[in-house]
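Trainee: Residue numbers (my numbering), protein chains in the order written: chain R, 1 to 350; chain E, 1 to 350; chain Y, 1 to 350.
Taking beta-carbon pairs under 10 Å as the criterion, some of the chain E residues facing chain R (in silico):
no.	residue
1	Asp186
2	Glu194
3	Arg196
4	Pro201
5	Val220
6	Asp226
7	Ile260
8	Ala275
9	Ser276
10	Ser279
11	Arg319
12	Arg334
Bear in mind the hints are in silico, worked out from the structure with no lab data behind them. For glycine and all other residues, C-beta sits at the position ideal for the given N, C-alpha and C.
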Amino acid sequence: MTRDGRTAYSLREIAGRFGGEIAGDPEIQVQGVATLESATPDRIAFLANARYLPQLKTTRAGAVIVGEPARNSTRLPRIVCPNPYAYFARVSVLFHPAPPLRPGAHASAVIDGSAVVPEDVEIGPGVAVGRDVRIGAGCIIGAGCSLGDGVAIGSGSRLHANVTIYRDCLIGERAILHSGVVIGSDGFGIAMEEGRWLKVPQIGRVVIGNDVEIGANTTVDRGALDDTVIEDGVKLDNLIQVAHNVHIGAHTAIAACVGIAGSSRIGRYCRIGGASGISGHLTIADRVEISAFTLITKSIDRAGTYTGAYPFEPHAAWRRNAAQLRHLAELAQRVRRLEKRRKPPKRSKP
Amino acid sequence: MTRDGRTAYSLREIAGRFGGEIAGDPEIQVQGVATLESATPDRIAFLANARYLPQLKTTRAGAVIVGEPARNSTRLPRIVCPNPYAYFARVSVLFHPAPPLRPGAHASAVIDGSAVVPEDVEIGPGVAVGRDVRIGAGCIIGAGCSLGDGVAIGSGSRLHANVTIYRDCLIGERAILHSGVVIGSDGFGIAMEEGRWLKVPQIGRVVIGNDVEIGANTTVDRGALDDTVIEDGVKLDNLIQVAHNVHIGAHTAIAACVGIAGSSRIGRYCRIGGASGISGHLTIADRVEISAFTLITKSIDRAGTYTGAYPFEPHAAWRRNAAQLRHLAELAQRVRRLEKRRKPPKRSKP
Amino acid sequence: MTRDGRTAYSLREIAGRFGGEIAGDPEIQVQGVATLESATPDRIAFLANARYLPQLKTTRAGAVIVGEPARNSTRLPRIVCPNPYAYFARVSVLFHPAPPLRPGAHASAVIDGSAVVPEDVEIGPGVAVGRDVRIGAGCIIGAGCSLGDGVAIGSGSRLHANVTIYRDCLIGERAILHSGVVIGSDGFGIAMEEGRWLKVPQIGRVVIGNDVEIGANTTVDRGALDDTVIEDGVKLDNLIQVAHNVHIGAHTAIAACVGIAGSSRIGRYCRIGGASGISGHLTIADRVEISAFTLITKSIDRAGTYTGAYPFEPHAAWRRNAAQLRHLAELAQRVRRLEKRRKPPKRSKP
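Could you put together the complete structure from these sequences and hints?
Mentor: Structure (structure tokens):
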């Protein structure tokens with residue numbers, strides 16, 4: 001059920017809220033969202049990727065959200081809009097609002113007396129809140145979370161169960177931190193001295209802006225001296241490593257399993273593909289896209305897409321080709337030698 | 001000590017339970033399992049990999065489990081069987097049964113009154129169980145686990161400490177979920193609109209079949225609209241990312257550090273090597289093997305082994321060869337030009 | 001404030017503790033450490049990497065720690081020493097000692113009566129301590145940690161919040177385990193039998209030496225039969241996977257996102273770059289360095305640096321070159337054919 005207690009909306013009502021142009025019957029009612037493939041007649045589906053155009057022909061959906069190019073690809077009642085995926089996101093929120101919070105701290109939560117926790121905050125079982133923690137209005141702190149001394153969390157944020165935030169780290173407003181996230185663990189700072197590693201104290205913080213979402217089991221290390229910084233609107237997927245003193249520019253989105261080494265600075269509106277890596281002490285410009293499985297080893301000063309994944313093959317073919325990789329410099333040398341050979345005696349043109 | 005209170009079994013007794021043919025003294029008693037390398041005379045070891053054949057000559061084990069090809073490679077009392085590793089697994093379970101559960105919920109566990117928890121379930125300290133959760137008979141839920149509203153877990157399952165399951169996700173029977181596992185976190189669904197990312201509600205679930213084991217700190221995201229599905233008998237190692245709407249076929253085994261992007265469909269009986277990746281929206285056939293460190297970027301419709309790792313070298317050699325990679329298309333072009341040069345004037349054969 | 005209650009030290013006092021040679025005013029007082037870039041005049045900064053030499057000219061620091069080569073690169077009061085980074089680490093510890101522990105177990109911790117917990121140990125809220133656990137003097141166990149039956153932790157160790165240690169694992173002295181670390185989860189041992197995977201019981205332990213630090217969300221699996229071993233002084237970054245029966249030699253440092261497959265043996269003083277991988281059953285010699293994003297597929301018996309990352313390029317260039325990779329063996333063949341062509345008739349030298 002939606003937030004206002006309704007279970008169905010007509011296309012006319014939806015377009016009234018979110019804009020777009022209706023084609024077909026505006027009075028058709030839908031009760032939820034679905035994919036083209038699995039929609040039933042009481043659902044509204046969407047087409048955001050031409051890959052799924054064939055499904056538009058066969059869907060059982062009662063209505064669809066499409067872009068201008070697909071306006072005439074269906075006879076279903078439809079909303080035509082410039083950005084069907086974003087439009088769909090808004091309609092989906094209409095039908096699936098975040099569950100209401102249940103204000104108050106569970107009796108088993110351990111909250112230091114010095115912590116500032118507004119009444120409308122929900123704190124789950126077994127949560128540990130340290131000294132001088134400040135939690136903003138309307139936050140939900142899931143079961144088993146641990147907030148170290150001096151942590152501050154902006155209003156409207158949600159920490160799912162079992163998130164850990166080390167002391168003095170700052171989280172902005174409307175953050176979503178998924179389970180297993182660790183914010184503010186020590187950066188990997190070690191100095192070799194006489195055959196032993198000395199630990200370098202990590203005394204910076206993690207400072208996270210507003211509207212940041214961080215996926216399950218992602219780790220963000222605190223700065224060594226200065227802070228690790230994640231700007232507004234950054235979206236991090238699961239199992240990402242953000243090392244000490246990294247700086248991620250606003251609205252950059254990073255897919256799962258990425259590792260970003262220490263002190264690298266990533267621009268705004270970048271998109272970083274899954275399982276890629278960024279070496280330390282680099283600067284990546286705004287609007288850079290990095291493909292999956294790519295290691296960036298030098299700074300990038302121009303927007304664009306950068307790639308470095310090895311193309312896969314059936315194993316036997318890979319084996320033949322990869323074996324030659326070890327001789328590639330030599331092969332190039334041999335080609336140079338061939339080129340240097342005197343050209344064969346000229347003959348008259350045929 | 002074994003489940004039936006015994007501390008030793010003879011080869012005759014073991015073969016009576018699990019089959020196989022005894023060669024040598026069937027009355028020899030063993031008190032446990034061990035590797036060939038570290039076995040003492042009261043242990044039974046096994047040979048499942050020809051790599052360890054030399055150790056068969058030197059082992060101090062009292063008895064061994066071998067396949068037909070190694071039947072005569074030792075004079076030790078032995079059990080000869082078609083699948084020594086599986087046989088060994090069964091013998092190891094005989095000596096090391098799962099520890100008995102201690103029925104009942106710890107006083108510090110927080111269990112919603114609407115949850116269904118049979119009496120023979122063990123629930124550890126600090127566990128949080130949400131509304132309408134259903135836990136099957138004989139489950140063990142380790143300390144600090146969090147089960148969201150509406151979660152269901154099949155009978156005989158074991159959640160180690162600090163597992164998180166988001167609301168409405170379904171886990172089958174005899175599941176083993178290791179510590180730090182997160183099931184049902186939001187998929188990475190974001191839509192760009194006017195310079196900001198909109199969150200796309202993730203309203204699907206995670207649905208996991210029977211006999212699934214999931215390794216430590218692995219994450220499985222809930223579906224965006226439809227469900228993320230893991231079929232029966234799937235085995236996932238540690239630190240794996242399974243994105244929204246992925247479908248993993250029955251009995252597929254995936255090694256650690258793998259990332260599977262959204263909506264990809266992996267067949268049955270696949271084996272996926274460590275730190276490999278599968279791009280989104282792909283279909284992988286049954287019985288495909290993917291080598292470690294390989295990124296799969298296209299659907300695979302035939303069983304077989306596929307590989308795409310860069311072969312490592314001493315750094316200086318790598319540097320020389322990798323530098324040429326950036327000129328490979330040009331090199332191929334130059335070779336084409338060389339081939340097009342008129343052949344030198346024919347001479348009579350020597 | 002420092003451990004002895006002081007807020008400032010002169011260079012003379014610092015050099016009195018840690019050695020080094022003072023150049024410039026030895027009475028200058030500093031109140032903390034900082035980077036060259038962000039230091040204020042009450043701070044001491046350091047230069048450990050020639051990359052930051054330009055910042056030495058512009059820093060506002062009151063004093064600096066430099067190596068011999070940079071002795072005359074600044075007129076600031078300075079300490080000249082052989083290893084500025086290690087020296088800085090010591091000075092940083094002087095100003096930022098570990099926070100004092102608060103002895104005693106929180107009322108919400110659940111500690112089995114058979115556990116040995118000295119009085120000076122700090123145990124946080126919601127910790128679960130199993131049977132026969134032994135915790136050494138001066139340990140801090142953070143909120144939500146779970147220590148399985150039979151676990152032993154050496155004196156002076158620190159477990160941050162939400163660490164899980166499975167039963168019977170041994171942790172040495174002065175360990176630092178960051179949040180989300182899982183020690184002793186089952187190794188990935190499965191045997192295929194008649195279309196189903198049998199679980200192979202994992203009955204080894206994890207045995208960790210002294211002075212080991214393990215980063216957030218890193219997982220270390222218990223041995224299948226023998227133990228998984230991490231020797232003294234090993235430093236592991238975040239999100240690393242250490243599989244069953246791996247052996248990591250003393251003082252080896254491993255960067256984030258690395259995966260080490262089963263039974264591999266890594267030498268002492270190795271340095272392993274981020275997101276690299278080591279296949280199973282290999283032996284890596286002492287003092288081997290492995291570059292980031294490199295998969296090691298064969299044993300390495302000599303110290304040195306080994307690399308295997310694909311060099312990244314702008315996407316269009318990568319596409320052209322990577323396409324040729326699939327034809328590399330054929331290209332080499334074509335070059336061989338070109339070389340075999342009879343050489344053109346010799347001419348007199350020009």
